[in-house]
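I would like the entire structure built from these sequences, with the hints used as guidance.
Heads up: the sequence shown begins at 1 in this note's numbering, then just goes up one per residue.
Heads up, some of the hints might be wrong.
As the list claims (entries may be wrong) - Using 30 angstroms as the maximum straight-line C-alpha spacing, the simulated BS3-like pairs for lysine-lysine come out as follows:
(1) 71 - 89
(2) 246 - 21
(3) 138 - 246
(4) 150 - 97
(5) 110 - 6
(6) 138 - 6
(7) 97 - 66
(8) 71 - 97
(9) 150 - 71
(10) 64 - 89
(11) 138 - 89
(12) 64 - 205
(13) 65 - 6
(14) 163 - 150
(15) 65 - 89
(16) 66 - 6
(17) 6 - 71
(18) 6 - 205
(19) 4 - 110
(20) 110 - 138
(21) 66 - 205
(22) 4 - 246
(23) 138 - 97
(24) 205 - 163
(25) 150 - 246
(26) 150 - 205
(27) 89 - 21
(28) 55 - 138
(29) 64 - 6
(30) 55 - 66
(31) 246 - 71
(32) 55 - 71
(33) 138 - 205
(34) 66 - 110
(35) 4 - 138
Claimed, not checked - Simulated restraints, written as ranges between beta carbons of each label pair:
(36) 38 - 133: 51 to 61 angstroms
(37) 44 - 310: 48 to 58 angstroms
(38) 100 - 221: 22 to 32 angstroms
Bear in mind the hints are in silico, worked out from the structure with no lab data behind them.
For glycine and all other residues, C-beta sits at the position ideal for the given N, C-alpha and C.
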Amino acid sequence: MINKLKDEFLENHQGYENDIKNFVDFLNNQDPPSPFDSEFTIRGMSVDVILQCLKHYVDNRQIKKKEPARKFMIAVGQLMEYLFEADSKLVNETLRKQLGAPASRADSYKRICNEYIESCPNLQEKESLAALSPETVKILNDKCNEAIEKYLSINTFERIAFKNAVSALCIKLILSVGITYNVARTIRISDFDFDSGILTINGYKINLPLNLLSQMRRYISLIRQQEFESTPEYLFFGIDGDQWGKPTTSSGIPNFIRIQLNQDELEDEVNSGLTHLVKYGITQLILCGVNDAVISDLTGASHGIIGTCHDPNQKTEDWFSYLNSKLISTEFFMLDCSDFFNSQQ
Numbered sequence: 001m002i003n004k005l006k007d008e009f010l011e012n013h014q015g016y017e018n019d020i021k022n023f024v025d026f027l028n029n030q031d032p033p034s035p036f037d038s039e040f041t042i043r044g045m046s047v048d049v050i051l052q053c054l055k056h057y058v059d060n061r062q063i064k065k066k067e068p069a070r071k072f073m074i075a076v077g078q079l080m081e082y083l084f085e086a087d088s089k090l091v092n093e094t095l096r097k098q099l100g101a102p103a104s105r106a107d108s109y110k111r112i113c114n115e116y117i118e119s120c121p122n123l124q125e126k127e128s129l130a131a132l133s134p135e136t137v138k139i140l141n142d143k144c145n146e147a148i149e150k151y152l153s154i155n156t157f158e159r160i161a162f163k164n165a166v167s168a169l170c171i172k173l174i175l176s177v178g179i180t181y182n183v184a185r186t187i188r189i190s191d192f193d194f195d196s197g198i199l200t201i202n203g204y205k206i207n208l209p210l211n212l213l214s215q216m217r218r219y220i221s222l223i224r225q226q227e228f229e230s231t232p233e234y235l236f237f238g239i240d241g242d243q244w245g246k247p248t249t250s251s252g253i254p255n256f257i258r259i260q261l262n263q264d265e266l267e268d269e270v271n272s273g274l275t276h277l278v279k280y281g282i283t284q285l286i287l288c289g290v291n292d293a294v295i296s297d298l299t300g301a302s303h304g305i306i307g308t309c310h311d312p313n314q315k316t317e318d319w320f321s322y323l324n325s326k327l328i329s330t331e332f333f334m335l336d337c338s339d340f341f342n343s344q345q
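Quick look at the structure:
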């Protein structure tokens, strides 16, 4: 019964599968074992036992950063709450009260877990992912163009060439307008006006760069001629014709980037929602004067992501140009310029 309830919980919390599996494995491998599917184990569960589980994975370097540690504690806490709500026989009032208590209480589940995570020397804060550098973007764009042209120029359908080309087209679109993967995967073929070349994204009509526009037209013409298991509805899809799945890995983009750039150190970034690509695109929008509200609405990016794109600490030439383009439009700048020109007369 307990395993059945766990499975029901995971159906609605699919991002917690690995955390819950680790928790169950830890309990089952205890000496002596404390089987997860035992009512006795659930009734005797405590915050200390859950913390022991987290410490085990931290000590074994399976959890290295604070954010995954917080996610683990949230996942296990929500699972326990679900079990207590779903089965009246699973009585554990102490843990239940701790789970529901506010973080301000010293004995609350949130407070105890957070204090451990914040003080643990083996857990690092997640570093903010930087936008791709212009040099890397140039290399990646060239690689994308090569992959797209290869697919568009062959006479027969090749799975790998197709997958690489679709990944490349999506990468170029992300770099162009800063949309997140979640937004990109929902764009339909019907959102592209073939005649005008306008692509509608979240209600915004977008002009594409000329080369990408040409590639998009040729790509759509070609896929309309080819046969897939199901008729494609979405602009970016798999070899079966179906929409890309929610994980970025289902698109093939992370693998494409890793291979094309030959940089294994990008693994964390490309498995993190392609944030480094999105940040590049958003930074370019900011440098062109697009306001945050429009950027958020168009791209689907969080305000946290957009906020980090405003940080000009790198002091690149782009930021200097942006700053000066704004300064020359200020009232005082114009006033002082006019005074100067008047004095020269």
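Against the structure, the hints come out as follows:
Restraint check: the Cα-Cα separation between residue 71 and residue 89 comes to about 27 angstroms, which is no more than 30 angstroms; the hinted pair holds. Restraint check for residue 246 and residue 21: the C-alpha separation of about 21 angstroms stays at or below 30 angstroms, so the hint holds. For the hint pairing residue 138 with residue 246, the CA-to-CA distance comes to about 28 angstroms; that is within 30 angstroms, so the pair holds. Distance check on the hinted pair: residue 150 and residue 97 sit about 61 angstroms apart at the alpha-carbon level, beyond 30 angstroms; violated.
A distance of roughly 21 angstroms separates the Cα atoms of residue 110 and residue 6; the hinted pair therefore holds under the 30 angstroms criterion. The straight-line distance between the Cα atoms of residue 138 and residue 6 is roughly 47 angstroms, outside the 30 angstroms bound, and the hint therefore fails. For the suggested pair residue 97 and residue 66, the alpha carbons sit about 25 angstroms apart, so the restraint of at most 30 angstroms is met. Taken as a hint, the residue 71 and residue 97 pair is honoured in the structure, with Cα atoms around 20 angstroms apart against an allowance of 30 angstroms.
Between the alpha carbons of residue 150 and residue 71 the distance comes to roughly 42 angstroms, so the proposed pair goes past 30 angstroms and is violated. With a C-alpha separation of about 36 angstroms, the suggested pairing of residue 64 with residue 89 is violated against the 30 angstroms cut-off. Restraint check: the Cα-Cα separation between residue 138 and residue 89 comes to about 61 angstroms, which exceeds 30 angstroms; the hinted pair is violated. Using a Cα cut-off of 30 angstroms, the hinted pair residue 64 and residue 205 is violated, with the two alpha carbons roughly 42 angstroms apart.
Between residue 65 and residue 6 the CA atoms are separated by roughly 26 angstroms; this keeps the pair inside 30 angstroms, and the hint holds. Only pairs whose Cα atoms come within 30 angstroms are accepted, and residue 163 paired with residue 150 is accepted, the gap being roughly 11 angstroms. This hinted pair does not check out: residue 65 and residue 89 have alpha carbons roughly 36 angstroms apart, beyond 30 angstroms. Restraint check for residue 66 and residue 6: the C-alpha separation of about 25 angstroms stays at or below 30 angstroms, so the hint holds.
Proposed proximity of residue 6 and residue 71 is supported: the alpha carbons are some 17 angstroms apart, at most 30 angstroms. A distance of roughly 44 angstroms separates the Cα atoms of residue 6 and residue 205; the hinted pair therefore is violated under the 30 angstroms criterion. Straight-line distance between C-alpha atoms of residue 4 and residue 110 comes to about 26 angstroms, which keeps the hinted pair within the 30 angstroms bound. A C-alpha spacing of about 45 angstroms is found between residue 110 and residue 138, which places the hinted pair above 30 angstroms, so the restraint is violated.
Proposed proximity of residue 66 and residue 205 is contradicted: the alpha carbons are some 40 angstroms apart, above 30 angstroms. Pair hint residue 4 plus residue 246 holds up; C-alpha atoms about 25 angstroms apart against a cutoff of 30 angstroms. For a cut-off of 30 angstroms, the pair hint linking residue 138 to residue 97 is broken: about 55 angstroms separates their Cα positions. With a C-alpha separation of about 26 angstroms, the suggested pairing of residue 205 with residue 163 holds against the 30 angstroms cut-off.
At roughly 27 angstroms between alpha-carbon atoms, residue 150 and residue 246 fall within 30 angstroms of each other, so this suggested pair holds. Proposed proximity of residue 150 and residue 205 is supported: the alpha carbons are some 29 angstroms apart, at most 30 angstroms. Our distance criterion of 30 angstroms between C-alpha atoms is met by residue 89 and residue 21, whose separation comes to about 23 angstroms. Annotation: proposed proximity of residue 55 to residue 138 is violated, straight-line Cα distance about 43 angstroms (limit 30 angstroms).
Note on residue 64 and residue 6: the hinted pairing holds, with a Cα-Cα distance of about 26 angstroms set against a maximum of 30 angstroms. Straight-line distance between C-alpha atoms of residue 55 and residue 66 comes to about 12 angstroms, which keeps the hinted pair within the 30 angstroms bound. Distance restraint check for residue 246 and residue 71: the Cα-Cα separation of roughly 19 angstroms lies within the 30 angstroms cut-off, and the hinted pair is therefore satisfied. Between residue 55 and residue 71 the alpha-carbon distance is near 14 angstroms, which keeps this suggested pair within the 30 angstroms criterion.
For the hint linking residue 138 to residue 205, the alpha-carbon distance of about 26 angstroms falls within 30 angstroms, and the restraint holds. A threshold of 30 angstroms between alpha carbons decides the hint, and for residue 66 with residue 110 the separation of about 14 angstroms falls inside it, so the pair holds. Annotation: proposed proximity of residue 4 to residue 138 is violated, straight-line Cα distance about 51 angstroms (limit 30 angstroms). Roughly 54 angstroms separates the CB atoms of residue 38 and residue 133, a value that falls within the hinted 51 to 61 angstroms.
Distance hint check for residue 44 and residue 310: the Cβ-Cβ separation is about 50 angstroms, which falls inside the suggested range of 48 to 58 angstroms. A hinted range of 22 to 32 angstroms is violated for the C-beta pair residue 100 and residue 221, which are about 58 angstroms apart.
Of the numbered hints given earlier, the model fails hints 4, 6, 9, 10, 11, 12, 15, 18, 20, 21, 23, 28, 35 and 38; all others are met.
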